[in-house]
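Asks: Line by line, the protein sequences are chains Z and U.
The opening residue of the first sequence carries number 147 in the numbering used here; numbering runs sequentially from there.
The opening residue of the second sequence carries number 899 in the numbering used here; numbering runs sequentially from there.
No wet-lab data here; the hints were simulated from the structure.
Some clues are possibly wrong.
[What the hints assert, rightly or not] Chain U stretches covered by chain Z per the calculated footprint, using a threshold of three residues with CB under 8 Å from any CB of chain Z:
1. 901-907
2. 991-1003
3. 1022-1033
4. 1038-1048
[Said to hold, decoys possible] If we take Cβ atoms under 10 Å as the criterion, some of the chain U residues that face chain Z in the derived model are:
5. Asn911
6. Cys915
7. Arg916
8. Leu935
9. Ala957
10. Val959
11. Phe965
12. Gly1008
[Said to hold, decoys possible] Covered by chain U, according to a simulated footprint, are these stretches of chain Z (three or more residues, beta-carbon under 8 Å):
13. 151-157
14. 252-260
Since this is a predicted model, take the numbers as computed values, not measurements.
We put the beta carbon where it would ideally sit given N, CA and C, even for glycine.
Now for the letters of each chain:
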Amino acid sequence: MKPAPFRYVAAHSIEEALQLKAEYGDEARFLAGGQSLVPTMNFRLTQPAMLIDINLLAELAGVKNGMAERVHIGALTRYRSLERDPATERNLPLIHEALPHIAHPQIRNRGTIGGNLAHADPASEMPAIVVALAGRLRALSTKGERWIAAPDFFVGALSTALEPDEMLMEIELPVAPPHSGACFMEVSRRRGDFAIIGVACTVRLDDDGRCVEARIGLCNAGDGPVFAADASESLAGRQIGTPEIKEAAERVQNSIDPGGSIHASKDFQRHIAGVLTGRALATANERARREH
Amino acid sequence: MSTDSHEINVTVNGTACRRTVESRLLLSDFLRHDLLLAGTHVGCEHGVCGACTVIFDGAAVRSCLMFAAQADGHAIMTVEGLAADREHLHPLQESMRDCHGLQCGYCTPGILMTMKVFLDETPSPDEAQIREALSGNLCRCTGYQHIVEAMQLAAQRLRG
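In isolation and in its complexed conformation, chain Z is listed as follows (with noise of 0.2 Å):
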């Protein structure tokens, strides 16, 4: 239980770590908040050659929420900051709601939003929600920037479209918007464990309460988050009850494949997807309604 050797790099500047990536490539891992990574690395799971210590630039870290309609969250920005922060609550407030739920008050104090999205556990609550509000996520390497929408940046179980040479800079979530009602729901063998299933979704709707726009996000419903398209675009133009609600969660079991696990069987996670989608569509609908 102790990680094999490597070389550890304290980078001073964004572009002293973008150089050493542009070096060793996949050999080199970027060190943010360590709290994936590090156990990998105890297990020997991952062996890197060498580690990017990122911790020291703070200009990866924090919420700009200057603009009106987009929030850009750095890549450094730990759980524990976006938890305390009132403009998360009320800007993000499926972030807000899905913070309990990510392990637990240890890990949130280290671990990094940019961290997560880069490891891409399927089971984690983060890509799932990144899913779900559309958001984008902006790379750079030595050779230039360029910005990656969420269904792209996930590419499969542990494995992003983030070349070998490119460090995640900022995530691009837009701010929730008037007549909007998120919800996010999960459940777990005990609190903080990974997720069995975790739905996220949001609600807009019109002057009327009929549904503007409906997104549904899943994680631990397949090999990466998993953006219900099916489901959520059943809902526009109707008024959600509970029919609507019925409809959207057996579209969204239809719709997954989730791997199966000794602790939670697929047939399971798929029952347990339609009841968590059903709970949190109504109450991201109730929400909405609230906001009139």
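Could you slot chain U onto chain Z? The hints should help.
Replies: Same frame as chain Z, but now just chain U:
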């Protein structure tokens, strides 16, 4: 591969130390083996059990998920730093003893460090808040009930 080492300056329980550490040395092992502060316990070594929790720049963290090299320039508090002197236990420790909040004691240092920060930040917690704060620390002996009671008593004592 040749050994990659770094000189670090770290303040532990108020005492400044300078050591040379290998890159792969975990902070938990650094505290135990290099500084001989064996009060920080090592349970699972992958961030699940919470036994190795220490206070890093004021925040409770898993010391098995950090490298000693990362502690350069930072301040750490371990369970050895809780009590003011050898004659007196910290109110948290006293309350754990009074309420039978431990049996084998293996998880206790991690719980004390977690709850130290929690009670500093939340002086009058309700039971649900205490249980939430404790969620990242596994105890296989007590069933948690006595730990929760100890924390309620400790909160009361710390408020004075």
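Asks: For every hint, state whether the structure bears it out.
Replies: Do the hints match the structure? See the list:
no.: 1; hint: 901-907; result: holds (count 3)
no.: 2; hint: 991-1003; result: violated (count 0)
no.: 3; hint: 1022-1033; result: holds (count 3)
no.: 4; hint: 1038-1048; result: violated (count 0)
no.: 5; hint: Asn911; result: violated, 19 Å
no.: 6; hint: Cys915; result: violated, 18 Å
no.: 7; hint: Arg916; result: violated, 17 Å
no.: 8; hint: Leu935; result: violated, 18 Å
no.: 9; hint: Ala957; result: holds, 4 Å
no.: 10; hint: Val959; result: holds, 5 Å
no.: 11; hint: Phe965; result: holds, 7 Å
no.: 12; hint: Gly1008; result: holds, 9 Å
no.: 13; hint: 151-157; result: holds (count 5)
no.: 14; hint: 252-260; result: holds (count 4)
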